[in-house]
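Student: Each chain, written out:
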Amino acid sequence: MRRILKEPLLHFALLGVGLFALYRLTAGDAPPASEEIVVDEARIAALAQNFERSWRRPPSVDEVDGLVESYVRDEVLYREGLARGLDRDDSVIRSRVLLKMEVLGELPETEPTDLDVQEWFDANAERYATPARYHVGQIFFDPIRRGSHLDNDIGAALHDLQGDAALDPAAFGDATLLPAALGGVTRMDVASQYGEEVAAALSNAPPGRWFGPVSSSYGRHLLLVDVREPAHAATLEDVRDAVERDLLAERALGARDALYARLRERYTIRVERAAGGELDSALQPR
Amino acid sequence: MNNARLVVLLATALAATPLAAQDIGSVDREQLNALVSKRPYSPYAGRTFATRVFWGDTHLHTGFSMDAGAFGARLVPADAYRFARGEEIMASSGQPVKLSRPLDFLVVTDHSDGMGFFPMVLSGTPEVLADPQGRRWYDMIQAGQGAEAAVDIIRTFGQNNMPKAIFPVPGNRPYRNAWDTTIKAAEEANDPGRFTAFIGYEWTSNAGGNNLHRNVIFRDDATKASQEVPFTTLPPLGSPNPVDLWKWMQDYETKTGGRVLAIAHNGNLSNGRMFPIIESFSGRRVTREYVETRAKWEPLYEVTQIKGDGEAHPMLSPSDEFANFEIWDAGNLDLTEAKQPAMLEFEYARSGLRTGLKLEKELGTNPYKFGMVGSTDSHTGLTAVEEDNFFGKATSAEPSAGRAEHVFINNPRGGRNVMGWETVASGYAGVWATENTREALFDAMERKETYATTGPRMVVRFFGGWDFDLRDAQNRMPAEVGYRKGVPMGGDLRAAPAGKAPSFLVAALKDPIGANLDRIQIVKGWLDAKGDTHEQVHEVVWSGNRTKGADGKVPAVGNTVDIANATWTNTIGAPELISVWTDPSFDASQRAFYYVRVLEIPTPRWTAYDAKYFGVQMPPETRLIQQERAYTSPIWYTP
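If you read the protein sequences in the order shown, they are chains L and C. Going by my numbering, the letters in the first sequence line up with residues 8 to 293, in that order. Going by my numbering, the letters in the second sequence line up with residues 8 to 646, in that order.
Source of the hints: derived by calculation from the structure; they are not laboratory data. Quick caveat, the model's predicted, so the values are computed rather than measured. For every residue, glycine included, the Cβ atom is placed at its ideal position computed from N, Cα and C. Among the hints, erroneous ones may be present.
Claimed, not checked - Covered stretches of chain L (chain C as the covering partner; in silico rule of three or more C-beta atoms under 8 Å from a C-beta of chain C):
hint: 1; region: 195 to 202
hint: 2; region: 214 to 228
hint: 3; region: 240 to 250
All chains should be modelled from the sequences, with the hints used to inform the complete structure.
Tutor: Right, dumping it as structure tokens:
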């Protein structure tokens, strides 16, 4: 039974019965047809154009008459339908209207000027910047292999390495598949190879000097970081297309939200929830 | 610092020569040793081998695929590349989605039959609006009857009654537009050194509902790829027979001077036709021509993906306790034909590799000498198969409270359906290459220096040679010694030195944000003197203090998964495992292959993350815990 109740065809049938009943109820009371329907030259041209798009040729005179007649018929039925409130509680019409409002809301009021573009670029310069590139040396210490000697071993190694820059780092630490060095890499590359913990240590690294230990999900690391190529800002000329695209996208979103906020102020909202909101809280997105 | 250790390390480092080649098969070591006798001071100078694994997906559909579009996918190839590069985008179901980390490469492989049809109908191109049936579908969609329109389109397509004027087929303008758009998306997303966007498509042979699909990948850019349009399966222009696809590939290369390869997938849904001895189109034993052509065009096999894992089947490998992993064996792709046990042997990668040894002895070429990749086969435009970030097989299976309970494949014969929860959050392809470009990655695929994972990005190294010993596992640059003394995954060993057995250097490093490792195993398959094939799984190295039992098996690693909270801890397992293994039962007269399987510790399956997030109960038969894994390309020994 429950399955039958969920059947869309059933919904459709019930809806039909309802509409028919509504029609019977209201048909007799429809206002007298005193309205005017004007089919002007622009409308006729639009109809003809539509025809041509489908049929790849202009309509004949008879066909134009037919188009007009069919338009009039649609218009009469449409107006009468609206008058009877048939557009209400219809999810298809509702979603079409919503879509139009969203599009309407997104229309930016004015085209951005050069000054707007420049200001947006200045305010968001880091988004377009070329990221810094590093050289990272890494010595791995395996906590399992070293056990209780781990801290001492790391301390001793760090002491030696800081004391004598000529020491070969390959003489320290434990064998690992983690690369001993990464050249010319971004922070993201470091995160993808050694993990986020090591990448996070890049920004505070003393330049050209072994430091650590830094813990990762593999174990402990001593690190040597050189900034090979500092992050540098892009020039507006290089990234102008992207800047304009982003600015327009942000304005569109802003305009839509602003329109909604303005409209929303006109309403007072009352939500009447059923008692015991267990289901509600279970469905709360995180 | 331990002085003895230091001495050993320095000694091994100094003994190392810097030369190693990508294409091991063509290297003559004697000659190289004569050329270079001493390594430069910098241990990194002169290195030419693959130092990094690049991660990607060789198999992804967008709204350009007929079925994906019908199921609601609205993302197009350009969106798919943006997502793979790590950008946050909006899924077709209206949910924001982003990868934990960018991928390094992606191949968008939309179905070649009907490519780009749905976007045409959705946007109402002049051609569609001018066609009565196209117009009707367009109007249905505009009127909010998108689902009905999709069903009608798929039915019409199935009856081969698509309106000729608008249905994209090779030679007409809609098809050209779809292919040009696909190429353009790849060209724009391709960023040599940072991100590789391959041009590709899927040739979707489905004769009788039996999956013989192949993805075709181009090494080339638009100037070559746009000289042809993809090969389809619908006659008369196309064909469902792989032999005809290989002809198309040959013609493409001859005409353009370009390069292509094909990767088959889902042997599990082919009902005994993926790795045949009796070929299904001719009904006869495979011929010399078949085995040579297949070996030429199909260097890789997609061994794991959303529609089931295809490494091994428990009935074929009864003593392998890990073989029962995400198995789909109800029937063929549309479940019109049930599975018979006799079919399995010709469907799974491990048994296919074994059959290959047999055919090689008989015909001189091994048609099933393939390397391994994993990929998603997702139809959402989203290559999202992390367990906690799984966006499903199709747009209708993007995250929602009920997706695990939905029927995924309806069984028309009334038997068992395939349920949504059975879809697998898998997999990705790891490719060992010298740099992130189309050329370097393609060449690595051709030499099979690849491996498959079921999702996590673990680093796996595998080298075979004649004189690896345990000290090589202590070397801090395993790859250096690996390439110097042996061949990498996908390579060949020949001419066993008298009295020697092959030894293998194998190492794995966990995903930086993933679970610890349980163990590394080497799977050996071989052909005996009587012409029968065999297989054995060897435990090589494992975490903790477990000891191998009398049956040669290492006990289970344990389990830390908290299902209710969909979490686990790395308190068991090891972040890194490395060892050297020598084959204890090597017979120099017998053909063999060896590949590596790496297992993670148990972690929550995507169904556990769904149950937690949506606060729903999963159906009682749902699996909620799993052990993710990696499979490497084999190394083959040929007497």
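Student: Of the hints given before, which are not true for this structure?
Tutor: 3
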